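So the chains spell out like this:
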Amino acid sequence: MAALSALHYRFPPGSAYRLNRCLFAIKSDDAFRARFLADARAAIDEMELDDTDSAALLRGDRDALVARGAHPYLVFMADLRLRMEREAMTFEDF
Amino acid sequence: MLVGAFACAHTPQLLSRPETEDRDLVLRVHTAFARVKGRLQALRLDAIAMVAGDHIEAFFLNAVPALAVYVGTECAGTFGRYRYRFPIHELLARAIVEQGIERGFDLFYTQDAPLDYAFYVPLHFTMPEPSVPLVPLHVNVYLPPQPTPRRCYEWGRALGEILRARSERVVLMASGGMSHFPGTDRYASPEFDYDRRLLDQLTAGRGRELAAITAEELDRAGNIELRTWITLLGAVGDAKADVYCYEPSWHHGNAVVEWPL
Numbered sequence: 014m015a016a017l018s019a020l021h022y023r024f025p026p027g028s029a030y031r032l033n034r035c036l037f038a039i040k041s042d043d044a045f046r047a048r049f050l051a052d053a054r055a056a057i058d059e060m061e062l063d064d065t066d067s068a069a070l071l072r073g074d075r076d077a078l079v080a081r082g083a084h085p086y087l088v089f090m091a092d093l094r095l096r097m098e099r100e101a102m103t104f105e106d107f
Numbered sequence: 121m122l123v124g125a126f127a128c129a130h131t132p133q134l135l136s137r138p139e140t141e142d143r144d145l146v147l148r149v150h151t152a153f154a155r156v157k158g159r160l161q162a163l164r165l166d167a168i169a170m171v172a173g174d175h176i177e178a179f180f181l182n183a184v185p186a187l188a189v190y191v192g193t194e195c196a197g198t199f200g201r202y203r204y205r206f207p208i209h210e211l212l213a214r215a216i217v218e219q220g221i222e223r224g225f226d227l228f229y230t231q232d233a234p235l236d237y238a239f240y241v242p243l244h245f246t247m248p249e250p251s252v253p254l255v256p257l258h259v260n261v262y263l264p265p266q267p268t269p270r271r272c273y274e275w276g277r278a279l280g281e282i283l284r285a286r287s288e289r290v291v292l293m294a295s296g297g298m299s300h301f302p303g304t305d306r307y308a309s310p311e312f313d314y315d316r317r318l319l320d321q322l323t324a325g326r327g328r329e330l331a332a333i334t335a336e337e338l339d340r341a342g343n344i345e346l347r348t349w350i351t352l353l354g355a356v357g358d359a360k361a362d363v364y365c366y367e368p369s370w371h372h373g374n375a376v377v378e379w380p381l
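Keeping their order, the protein sequence lines are chains A and B. With the numbering used here, the residue at position 25 of the first sequence is 38, and numbering never jumps. With the numbering used here, the residue at position 126 of the second sequence is 246, and numbering never jumps.
Since no wrong hints were added, every one of them can be taken at face value.
With the Cβ distance kept under 7 Å, some of the chain B side facing chain A (calculated, not the full set):
| hint | residue |
| --- | --- |
| 1 | Ser-136 |
| 2 | Arg-137 |
| 3 | Pro-138 |
| 4 | Phe-180 |
| 5 | Tyr-262 |
| 6 | Pro-264 |
| 7 | Gly-303 |
| 8 | Asp-339 |
Not close to chain A: a few residues of chain B, all C-beta gaps over 10 Å, as computed:
| hint | residue |
| --- | --- |
| 9 | Lys-157 |
| 10 | Arg-164 |
| 11 | Pro-185 |
| 12 | Arg-214 |
| 13 | Phe-225 |
| 14 | Gln-231 |
| 15 | Arg-316 |
| 16 | Arg-328 |
| 17 | Glu-329 |
| 18 | Ile-333 |
Beyond 12 Å from chain A on every Cβ pair, some chain B residues (computed):
| hint | residue |
| --- | --- |
| 19 | Gly-220 |
| 20 | Thr-230 |
| 21 | Arg-289 |
| 22 | Cys-365 |
Don't read these hints as lab results, they were simulated from the structure. Keep in mind it's a predicted model, so treat the numbers as computed, not measured. C-beta atoms are modelled at their ideal positions from N, C-alpha and C, and glycine is treated no differently.
Sequences are here, hints too, so could you generate the full structure?
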């Protein structure tokens, strides 16, 4: 049996609440995502992240974010939503 | 009356296909969805009760319900250019909450939560015409600790009993799975063999065995969303599954299944 620490999806520690709240806002809040795209540092300041979390988020460093307690799914979708606006991705809509 | 039971994959890439996705595979899943839609039309439904796992969209860390029911007049969700709004079968939703609580399940209910794509991606393809109202049922899959598979199975058994005692013609639909690992370094290597073994069990009518799976095993197999299927299995008992399709993409085991009742 794998140790609990080896689980892919773990309990989000309270210490990571602001970080997860920021990732959730990038994923699901169109207005916040627009502010983040315009000025990521100012948007991060709204969320009162500490320097380590801010730096990891600005680098888009998934492993560092997850190590800090970020939920992997939130990291994944926040990154995807940002890429969908930054890059010319094409989709076939059904 | 519980007149049908289905499980459907819900990856957004089936709705809005990026270039990374195999077009033919996506279209094969659509063909399976179309079969479901045909069945739902033939079943002359009054409502669809849909069990789905929220992708941290309706519920964030301010309140993490294990099991929830959307009760109200309507629900809505948005994904890029897609906008969905579904009437809720309020009488049925209320009966499920009230009778579920009466049976010892401490259900959370909401009249104001955004609808997650786990609900509307399958409904985009399978909602019968004319459309029928929905009862969205939530199972926490992404925020540990999630409800145990055994608890999901027991809730599903109660749900099945509640639905069978109703006069409305209702289909139970589970949304989710199969193996995938979004946001982890396993994203490109799902456990397809695990999925195939599960589908063999379900085809043989051995769904009750899934109640004994541990939370840890589901996580390891990329199948945390299987809790929605296990809930459905509680309701259908030992019915044998008819697998419409199992399509493994580079990141996801896409299955569409019916349990003929």
